[in-house]
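Whole structure, please, built from the sequences with the hints as guidance.
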Amino acid sequence: MTDHATDHRLGGLAPPRSTPEPRWRALRDGLFGSKPNAVLTLLCLGLLAWAVPPLLRWTLLDAVWSGPADRCAEAAGACWAFVGEKLRYILFGFYDVDRQWRPAAALAILAGMTVLSALPALWRRTTPLRWVAGWSAGLAVVVLLLTGGPDGPAVPTERWSGLPVNLLLATVGMIGAFPLAVLLALARRSPLGGVRLLAVTFIEVMRGVPLIAVLYVATLLLPLMLPSGSAIDKLLRAQIAIILFVSAYLAEIIRAGLQAIPPGQHEAARALGLGYWAAMRLVILPQALRTVIPAIVNLAVGLFQDTTLVIVIGLFDVLNTARNAAKDPAWLGFYDEAFALAAVIYLIFCVLASRYSLWLEARLRRGG
Amino acid sequence: MRNEHGSTPGSGLAKTLAGTAASWWGGRSGVQLALLGAVLLATVWLGSNTVASMERFGITPGFDFLHRPAGFEIGESVVAYAPQDSYGRALLVGLLNTVKVAAVGCVLATLLGVALGVARLSGNPLLSVLAQGYVELIRSTPLLLQLFFWSATFQALPGPRQALNPLPGIFLCNRGILLPAFAGEGTGGWVLAALALAGLLAVAGTALRRRADPGGGTLSAVAVAAVALGVPAGLLAGVLANSGLPLAVEFPELAGFNFAGGATVSPEFSAMLVGLVVNATAMISEIVRGGIQAVPSGQWEAARALGLTRGRIMRLVVLPQALRVIVPLMTSSHLNLIKNSSLAVAIGFPDLVSVINTSANQTGQVLETMAIMMGAYLTVNLAVSAAMNLYNQQLERRGRR
Numbered sequence: 000m001t002d003h004a005t006d007h008r009l010g011g012l013a014p015p016r017s018t019p020e021p022r023w024r025a026l027r028d029g030l031f032g033s034k035p036n037a038v039l040t041l042l043c044l045g046l047l048a049w050a051v052p053p054l055l056r057w058t059l060l061d062a063v064w065s066g067p068a069d070r071c072a073e074a075a076g077a078c079w080a081f082v083g084e085k086l087r088y089i090l091f092g093f094y095d096v097d098r099q100w101r102p103a104a105a106l107a108i109l110a111g112m113t114v115l116s117a118l119p120a121l122w123r124r125t126t127p128l129r130w131v132a133g134w135s136a137g138l139a140v141v142v143l144l145l146t147g148g149p150d151g152p153a154v155p156t157e158r159w160s161g162l163p164v165n166l167l168l169a170t171v172g173m174i175g176a177f178p179l180a181v182l183l184a185l186a187r188r189s190p191l192g193g194v195r196l197l198a199v200t201f202i203e204v205m206r207g208v209p210l211i212a213v214l215y216v217a218t219l220l221l222p223l224m225l226p227s228g229s230a231i232d233k234l235l236r237a238q239i240a241i242i243l244f245v246s247a248y249l250a251e252i253i254r255a256g257l258q259a260i261p262p263g264q265h266e267a268a269r270a271l272g273l274g275y276w277a278a279m280r281l282v283i284l285p286q287a288l289r290t291v292i293p294a295i296v297n298l299a300v301g302l303f304q305d306t307t308l309v310i311v312i313g314l315f316d317v318l319n320t321a322r323n324a325a326k327d328p329a330w331l332g333f334y335d336e337a338f339a340l341a342a343v344i345y346l347i348f349c350v351l352a353s354r355y356s357l358w359l360e361a362r363l364r365r366g367g
Numbered sequence: 000m001r002n003e004h005g006s007t008p009g010s011g012l013a014k015t016l017a018g019t020a021a022s023w024w025g026g027r028s029g030v031q032l033a034l035l036g037a038v039l040l041a042t043v044w045l046g047s048n049t050v051a052s053m054e055r056f057g058i059t060p061g062f063d064f065l066h067r068p069a070g071f072e073i074g075e076s077v078v079a080y081a082p083q084d085s086y087g088r089a090l091l092v093g094l095l096n097t098v099k100v101a102a103v104g105c106v107l108a109t110l111l112g113v114a115l116g117v118a119r120l121s122g123n124p125l126l127s128v129l130a131q132g133y134v135e136l137i138r139s140t141p142l143l144l145q146l147f148f149w150s151a152t153f154q155a156l157p158g159p160r161q162a163l164n165p166l167p168g169i170f171l172c173n174r175g176i177l178l179p180a181f182a183g184e185g186t187g188g189w190v191l192a193a194l195a196l197a198g199l200l201a202v203a204g205t206a207l208r209r210r211a212d213p214g215g216g217t218l219s220a221v222a223v224a225a226v227a228l229g230v231p232a233g234l235l236a237g238v239l240a241n242s243g244l245p246l247a248v249e250f251p252e253l254a255g256f257n258f259a260g261g262a263t264v265s266p267e268f269s270a271m272l273v274g275l276v277v278n279a280t281a282m283i284s285e286i287v288r289g290g291i292q293a294v295p296s297g298q299w300e301a302a303r304a305l306g307l308t309r310g311r312i313m314r315l316v317v318l319p320q321a322l323r324v325i326v327p328l329m330t331s332s333h334l335n336l337i338k339n340s341s342l343a344v345a346i347g348f349p350d351l352v353s354v355i356n357t358s359a360n361q362t363g364q365v366l367e368t369m370a371i372m373m374g375a376y377l378t379v380n381l382a383v384s385a386a387m388n389l390y391n392q393q394l395e396r397r398g399r400r
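Chains as they are written, first to last, in numbering that gives the first Met the number 0: chain A, 0 to 367; chain B, 0 to 400.
Honestly, the hints are just simulated from the structure, not real lab data. Predicted model, so just to flag it, every value in this text is computed and none were measured. C-beta atoms are modelled at their ideal positions from N, C-alpha and C, and glycine is treated no differently. Among the hints, erroneous ones may be present.
To list a few chain B residues with every Cβ distance to chain A over 10 Å, as calculated [to be verified]:
id	residue
1	G18
2	T59
3	V78
4	A79
5	D84
6	G122
7	L125
8	F148
9	P159
10	I169
11	N173
12	L199
13	V248
14	M387
Straight-line distance between alpha carbons at most 25 Å, and here's what the computed DMTMM-like set of lysine to aspartate or glutamate pairs gives [unchecked claim]:
id	chain 1	residue 1	chain 2	residue 2
15	A	K233	A	E157
16	A	K326	A	D69
17	B	K338	A	E203
18	B	K338	A	E251
19	A	K34	B	E300
20	A	K233	B	E54
Here it is in structure tokens:
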């Protein structure tokens with residue numbers, strides 16, 4: 000869209016607008032139109048010639064697609080047989096093999112609910128109450144599935160691993176952070192100084208330290224902070240840390256949305272006799288949130304990527320199971336293949352999400 | 000005190016202060032006091048629980064452990080360190096390692112990010128497609144995954160005897176990156192100091208020129224350059240002659256099973272730096288692209304009508320305006336890089352978080368170590384954002400003039 004405008008801005012002489020040019024000529028001018036451009040093109044082609052053939056040889060031509068590990072050891076290319084052998088472990092980790100339909104179903108439910116929540120067509124038909132009820136029911140089913148209930152032996156959270164851990168931490172992180180973030184954003188814009196002070200302190204401290212620091216505090220310090228005799232599960236501690244961390248960033252996004260609403264809206268709502276909370280709930284927040292949906296989607300994608308950081312406190316998410324798969328003595332050292340699989344999983348999710356975000360932004364701009 | 004004498008200027012000030020405080024507080028005292036009290040109570044409750052738990056494990060709360068010997072090795076260090084040094088010293092080593100990787104990373108990522116951002120807007124379709132692919136790939140995969148990849152790559156390099164030699168004097172092997180360096184202990188430090196002084200003098204001289212005359216007439220550029228280059232060079236020559244250090248460059252050379260001479264950059268630091276820079280470059284290039292696109296196209300057309308070349312339009316007209324959009328976003332990008340350097344703990348680079356983690360596990364002083372970690376990151380973050388805000392204010396002032 001805007002790229003064409005910039006093309007002619009930066010690409011030497013602008014073509015006269017009145018005569019439509021054939022595309023190949025525009026391409027030729029872009030690639031070889033001037034001397035510096037021709038040099039750049041040759042440099043890029045050189046880079047491609049240097050990088051692409053070895054990459055193709057590794058991924059396709061010299062790759063081993065099936066068979067035992069010693070066949071891979073002889074080959075120069077990638078060992079996709081390793082991925083075939085370890086895919087189940089990388090996706091579901093230590094979960095009991097004969098009951099792995101449970102994490103698979105949990106994964107499907109989480110992904111399905113995320114997709115449903117992202118459809119603007121459904122936004123108008125649901126009320127916030129229905130939305131909360133739907134997610135609560137869905138998450139209850141997911142947790143029930145993962146814990147092993149209602150039939151069969153319980154599965155401790157140490158054995159929850161692989162991709163469901165990432166998706167669970169990210170979705171519950173976003174949903175759990177949401178009410179807290181709305182309150183923080185309102186508090187930061189409150190006329191009451193004490194309330195503002197608390198909100199600003201919390202938000203700035205959370206945004207000033209890395210997620211890993213918050214995860215360490217939750218893992219090492221939280222157990223000491225509770226009265227003796229009480230214990231919190233490690234996964235739950237990580238989840239609490241993530242909710243608190245994300246709520247600060249989400250609060251800043253929502254605050255930006257609140258700032259974009261003209262003060263007249265608030266005054267009009269108050270003139271109609273609405274109280275502060277009613278005005279916020281019915282007039283201000285619906286408009287403010289709408290403008291920041293793309294930013295929230297970006298935050299969610301970032302959070303989904305950041306859930307891999309739970310590795311440092313010893314949880315087994317999909318990146319950790321991938322890395323661990325390459326430590327198996329029978330398939331030792333196929334790190335590149337393991338990381339490639341994890342990268343592909345993340346690429347699929349994140350590219351879809353960023354396409355969705357662009358589409359949504361365009362739709363919102365049109366006022367749809 | 001002065002309030003008794005009704006008409007002194009102090010009472011006016013006190014009234015304004017009281018008025019400001021009241022408008023800051025904003026009323027609803029009951030609700031606010033209850034909220035603040037509840038937060039305070041919760042903090043005290045959690046704190047007393049923590050102290051009680053620590054005492055149950057036989058740990059005395061307090062910062063005395065900082066003086067006790069740490070007893071663990073740290074792979075690399077900017078300052079001298081040995082296991083018999085104190086925990087305080089170990090934490091300093093960790094902090095300096097974080098600062099080292101973050102500072103070098105910020106500089107490299109800024110330079111490469113600006114170049115890549117300009118490349119994405121280039122009229123050359125091949126270049127802009129390649130740049131876009133790079134940005135998409137980096138932004139769609141977790142940073143930790145990228146760091147694991149770089150870490151595995153640096154570990155998989157051949158041994159010293161089969162070391163890769165991409166440029167003369169530079170070797171890549173599983174011991175790290177070997178670079179030419181100044182011969183003699185401390186020479187490199189003095190050269191760096193001289194370079195820093197030269198940079199400082201150049202910046203100060205330029206600012207002075209601007210102030211003397213916005214056109215830059217009275218103080219000639221040649222004089223500024225002469226001072227900025229001459230003074231540090233003279234000082235450096237004096238220091239080196241005084242201490243008898245040679246000013247010679249030493250190249251790494253294979254001797255037996257390892258390299259001798261030159262400087263070695265450890266594989267962990269290399270993986271961390273490459274990972275952070277590759278990641279932040281993608282983010283910064285997006286910011287730069289957005290900033291340049293935000294400059295109205297009329298500016299390009301007007302500058303071209305004046306007969307300026309593309310490079311000069313970019314440098315003199317577009318970038319100065321784009322900077323006002325770019326700088327605040329770039330600041331948060333740098334702050335992200337600093338925070339992301341905490342991922343070092345996952346690939347074995349001894350940064351602050353990694354040393355804190357070891358210290359907390361060894362001493363059990365969890366509350367203190369966590370407080371130090373949070374405090375260190377908050378301080379660094381506040382310092383960087385204050386510096387960048389200052390720069391941003393200057394930009395805005397320049398824009399208004």
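Going down the list of hints, with the structure as the test:
Here G18 of chain B stays apart from chain A, with its beta-carbon at least about 13 Å from theirs, past the 10 Å limit. At roughly 14 Å, the least C-beta separation between T59 of chain B and chain A is larger than 10 Å, which holds for a residue marked as non-interface. Listed as a non-interface residue, V78 of chain B keeps its Cβ farther than 10 Å from every Cβ of chain A; the least gap is roughly 23 Å. In this structure A79 of chain B is separated from chain A by more than 10 Å, as the shortest Cβ-Cβ distance comes to about 27 Å.
For D84 of chain B, the non-interface assignment is confirmed: its Cβ lies about 23 Å from the closest Cβ of chain A, beyond the 10 Å cut-off. At the 10 Å boundary, the C-beta of G122 of chain B falls inside the reach of chain A, the nearest C-beta of that chain being 2 Å off. With a least beta-carbon separation of about 5 Å from chain A, L125 of chain B fails to lie farther than 10 Å from that chain, contradicting its non-interface assignment. At the 10 Å boundary, the C-beta of F148 of chain B falls inside the reach of chain A, the nearest C-beta of that chain being 5 Å off.
In this structure P159 of chain B is separated from chain A by more than 10 Å, as the shortest Cβ-Cβ distance comes to about 21 Å. With a closest Cβ-Cβ approach of about 18 Å to chain A, I169 of chain B is found to remain outside the 10 Å limit, as its non-interface label requires. Every CB of chain A lies more than 10 Å from the CB of N173 of chain B, the least distance being 14 Å, so the non-interface label holds. The Cβ of L199 of chain B lies farther than 10 Å from every Cβ of chain A, with a closest approach of about 28 Å, so its non-interface assignment holds.
The beta carbon of V248 of chain B is kept farther than 10 Å from every beta carbon of chain A, the shortest such distance being approximately 29 Å. The Cβ of M387 of chain B lies farther than 10 Å from every Cβ of chain A, with a closest approach of about 14 Å, so its non-interface assignment holds. Distance hint between K233 of chain A and E157 of chain A is fulfilled; the C-alpha atoms sit about 8 Å from each other, no more than 25 Å. With a CA separation close to 15 Å, the supplied pair K326 of chain A and D69 of chain A stays within the 25 Å bound.
Between K338 of chain B and E203 of chain A the CA atoms are separated by roughly 14 Å; this keeps the pair inside 25 Å, and the hint holds. Under the criterion of a C-alpha separation no larger than 25 Å, the hint pairing K338 of chain B with E251 of chain A is consistent with the structure, at around 18 Å. A distance of roughly 22 Å separates the Cα atoms of K34 of chain A and E300 of chain B; the hinted pair therefore holds under the 25 Å criterion. Restraint check: the Cα-Cα separation between K233 of chain A and E54 of chain B comes to about 23 Å, which is no more than 25 Å; the hinted pair holds.
The structure fails hints 6, 7 and 8 (numbered hints given earlier, in ascending order).
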